[in-house]
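Work the whole structure out from these sequences, hints included.
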Amino acid sequence: DMDTPADMCERLHEDAETLWQVMRDKLGEE
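Residue numbering for the sequence shown follows our numbering, beginning at 60 and increasing consecutively.
Do not take every clue at face value.
[Unchecked claim] So the derived label-pair ranges between C-beta atoms look like this:
#, residue 1, residue 2, range
1, 61, 89, 39 to 47 Å
2, 85, 64, 25 to 33 Å
3, 89, 60, 41 to 49 Å
If you're looking for bench data, these hints aren't it; they were derived computationally from the structure.
The C-beta atom is built at its ideal place from N, Cα and C for all residues, glycine as well.
The following block contains the structure:
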């Protein structure tokens with residue numbers, strides 16, 4: 060069952076949002 064480009068793009072977007080939240084949390088602690 061292959062991922063379509065849309066599926067890959069959506070997952071990348073979710074990963075980017077998670078990364079952004081983690082980075083923002085780290086910045087907020089300082």
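Hints, verified against the model:
The given range of 39 to 47 Å is respected by residue 61 and residue 89, whose C-beta atoms sit roughly 43 Å from each other. For the pair residue 85 and residue 64, the beta carbons lie near 31 Å from each other, so the given range of 25 to 33 Å is met. One distance hint, 41 to 49 Å for the beta-carbon pair residue 89 and residue 60, holds here, with the actual separation near 43 Å.
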